[in-house]
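Full structure from sequences and hints, please.
2 protein chains.
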Amino acid sequence: MPRNARVVELNLALAPAGGPLRHRLADALIEVLRTGQLGPGDALPATRALAAELGISRNAVLAAYDELAAAGFVHATGGSATVVADGADVAARAGVSSHIGAARPAVQSSLAPDAPPRWILLPGYPDTGLIAPGDWRAAWRAAAGEPVSNGLPSSQPHARLREALAIQLRRTRGVAADPAGIVPAPGVSAALRALATAAGLRGRTVAFEDPGYPEGRRALASAGAVIRPVRVDEDGLDPSALARGDAAVYTTPAHQYPLGARLSAARRAALIGWARRESALVIEDDYDGEFRYDVRGLPALHSMPGGPDVVAYVGTASKILSPGLRVAWIIPPAGLLAAVRAALDESDESIGTVTGDALARFIGAGYLTRHLARAARTYAARREALIAGLRTAAPGLRISGAAAGLHLVAALPAGTDEDALVARLAGCGLAVDGLGQSCLGQSCLGPPPGPALVCGYALLPESQAAAAAAVIADCSPG
Amino acid sequence: MPRNARVVELNLALAPAGGPLRHRLADALIEVLRTGQLGPGDALPATRALAAELGISRNAVLAAYDELAAAGFVHATGGSATVVADGADVAARAGVSSHIGAARPAVQSSLAPDAPPRWILLPGYPDTGLIAPGDWRAAWRAAAGEPVSNGLPSSQPHARLREALAIQLRRTRGVAADPAGIVPAPGVSAALRALATAAGLRGRTVAFEDPGYPEGRRALASAGAVIRPVRVDEDGLDPSALARGDAAVYTTPAHQYPLGARLSAARRAALIGWARRESALVIEDDYDGEFRYDVRGLPALHSMPGGPDVVAYVGTASKILSPGLRVAWIIPPAGLLAAVRAALDESDESIGTVTGDALARFIGAGYLTRHLARAARTYAARREALIAGLRTAAPGLRISGAAAGLHLVAALPAGTDEDALVARLAGCGLAVDGLGQSCLGQSCLGPPPGPALVCGYALLPESQAAAAAAVIADCSPG
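If you read the protein sequences in the order shown, they are chains W and S. Those letters in the first sequence? Residues 1 to 478, per our numbering, in order. Those letters in the second sequence? Residues 479 to 956, per our numbering, in order.
Please note that a few of the clues may not be correct.
[To be verified] Quick list of simulated restraints, FRET-style, between CB atoms:
#1 Thr-847/S with Val-226/W: 48 to 56 Å
#2 Ser-941/S with Gly-129/W: 31 to 39 Å
#3 Gln-156/W with Glu-624/S: 25 to 33 Å
#4 Ser-154/W with Pro-777/S: 53 to 61 Å
#5 Ala-373/W with Tyr-771/S: 23 to 31 Å
#6 Ala-944/S with Ser-154/W: 22 to 30 Å
#7 Ser-154/W with Arg-648/S: 47 to 55 Å
#8 Asp-235/W with Gly-723/S: 55 to 63 Å
#9 Ser-941/S with Arg-202/W: 47 to 55 Å
#10 Glu-624/S with Gly-427/W: 50 to 58 Å
[Said to hold, decoys possible] Among chain S residues calculated to face chain W with C-beta under 7 Å, some are:
#11 Pro-604
#12 Ala-622
#13 Asn-628
#14 Gly-629
These are calculated hints, taken from the structure and not from any lab test. Note that beta-carbon positions come from the ideal geometry of N, C-alpha and C, so glycine has one too.
Written as structure tokens, this is what we have:
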């Protein structure tokens, strides 16, 4: 067997308090190296599985892995599994740490709560319970009545879905695209890898929002892009921070992840102008552009004058319907269309045929429009309830980024140990993300964005908002 | 825009006769470079799309791309899109060829038939028309009635599918695996990439059957494995050709692709013994192990004594049901399990939740067993009919590799121009693969395996067998 066949299921435990969560997780993993449970060449556990096991967010695990990589304990192999580096065992035994001020952690009882959390405020998960069961079943029933794909190459793959998406995106996002210009992909990560490959971004610099979407950053990096963090503030990404050498920029203009800003109109125009001047590519991740509250809709970057020439628009069914569909879509600039298709083709990544057809019918029959209207009302009410709950229970927390999307940012008093708070909340049955987990490496650029909690409200019923806010208030200082 | 944004949809045309198909396609692509339709940094078209457009097999396109890469005209970027190399335009204008004896092709009228082929003998496509519509619909209906996934991490993802697969694989393939040891993946390519990453095969040598499965080779290479071709004969892969430095070996023991051999019992034991001695990994691609005719079943390598320690078993729903499901599965050695999960997790590759559930129900309700029995009878009859037709119409063709799977090999008289024949047959409305398209680069190792046709019979009704055989006979010499 290859050298790293020795990978084991770890019984990893975190010290229950003291220091940022990513430091503590990194320390616990170094302890695992020190004791020889994992050695050079072994793969670290899957981030999702470890997050689930420890009852923490996947972003926290990614941050810890990044920290270990920066300190040389581990390295990513081609952007996929993270593997223990040669000599990491020696370094661990010698007491080397991945961060300043580490205390050797005692391996103590796990933080993972015995029961699943009572309040899930993790951002990025839609309430799929809002989908009308009859509509959902009808769409799948129709799709299952179609002839079954035998895999023979087609010159018009997923035609029905591309047609439905063209109509939907034009109506809801102002994005004008021919069905032939839309490329389905099995997820945003696959879409971003294909775009990076198609646009020749390997070895070139991609400006990436910081703090920003960790999975997007990883997907682009795994395709060889060199990530350069750029500033984000209350108006979103700052175009003046873009540099001449940037071959592309990744942005979430509808609702910046994680700060929640909507990119201002002036900045939208500046961004398009910069991309046209510099012949750069704008990757617009419109991941939750469908939801906004009390504010005027801003057009997608792609829909602006000159946009289609420089903007690769990326959307997904994960937030508006279900991540289990594994369906995203790309509208690349016309010149990149063939190359994007080729990149997905070469890696043999495509969406399921029945799934694509079911989604097409869900859209075509008007079910998605109905669902989005109902979901927007529900999310608006849950957002109101959480904001009201926090204002009452924890008036010291400043709330921002709540104009759109499915999460808000609750700023904590300066000096709060954000990760310790997240851990305490987990112990109280409340799952939430800290803002620091979305920063690149150990620090964000620009105005310090934290400490803060990133609170998703999509899964929090109004009736639970006051209780959740009270738990947050009880655990928070000030 | 990045430099290769200039990619265009090509109107590529092949010279209608003369020389192997891959040479002619390579020549046509060089002509495209010469005329400046594509330049350095541009991506070549998607292989599937080009194959569909030209009415040839994807393997032929892959072979032509390999040839251009070997000659330095193009290079693969990170294993995905194939991109024109710097200086390729200059070389093309200077008359450099990718192979010996090339004549400058005139860009002539396309070979692509106006109508779809009347007889599809392309290997690797199942007849999805054999699926009982009621069973199919019932499985999807049941799956669509389940709660919709919201994407929250689960410690038991796809539990129902893994349980169904464990039972099915034990019964039909003798593979003993705990449901917890089965990892679903969205396709065999994704499965092979995850295995290569998990087993640390980047930069290491993987022995690969030659001739062999082109997509499998590409998937492993894209994950960084160094492919070393090994001999294949009528008994399958020759274990004596394995070398000390091989970290892994890829094999299709149930029905070697493309030669159709079943790996002999002696060789199976030798292969397991070698892997145990050398601490190497055996990647068993059981892609059509469910179908066999007039012969005793041979156990999967994974089911042999010592097998589970060294064999990573890979299966797929693509051949037994539909490639549109995008569902494959991996049973890695226990020591690689966590790393395989981690690799898929990091690249965010997972199967659709409704699809996984529908497949689980299709298996669990007994529909798959019923379908496989019916399909095996139909395929057996189609195989008989095609063999009888070929024996009558073209007695000079030697038939082999027909004991299992969904294709056979019809050896052509020595000296036959295999690719020219494939092109002539395409012109007559018959789509089939040449054996040479599965060879690594421009030549296969071991006993020369060609010229020959690789004839899939899954899509050829018995009533059409005689007519198809007559077309082959009319076009074939001798």
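For each hint, the structure was consulted:
no.	hint	verdict
1	Thr-847/S with Val-226/W: 48 to 56 Å	holds (52 Å)
2	Ser-941/S with Gly-129/W: 31 to 39 Å	violated (51 Å)
3	Gln-156/W with Glu-624/S: 25 to 33 Å	holds (31 Å)
4	Ser-154/W with Pro-777/S: 53 to 61 Å	violated (37 Å)
5	Ala-373/W with Tyr-771/S: 23 to 31 Å	violated (56 Å)
6	Ala-944/S with Ser-154/W: 22 to 30 Å	holds (29 Å)
7	Ser-154/W with Arg-648/S: 47 to 55 Å	violated (36 Å)
8	Asp-235/W with Gly-723/S: 55 to 63 Å	holds (57 Å)
9	Ser-941/S with Arg-202/W: 47 to 55 Å	holds (52 Å)
10	Glu-624/S with Gly-427/W: 50 to 58 Å	violated (32 Å)
11	Pro-604	holds (6 Å)
12	Ala-622	holds (4 Å)
13	Asn-628	holds (4 Å)
14	Gly-629	holds (3 Å)
The structure fails hints 2, 4, 5, 7, 10 (numbered hints given earlier, in ascending order).
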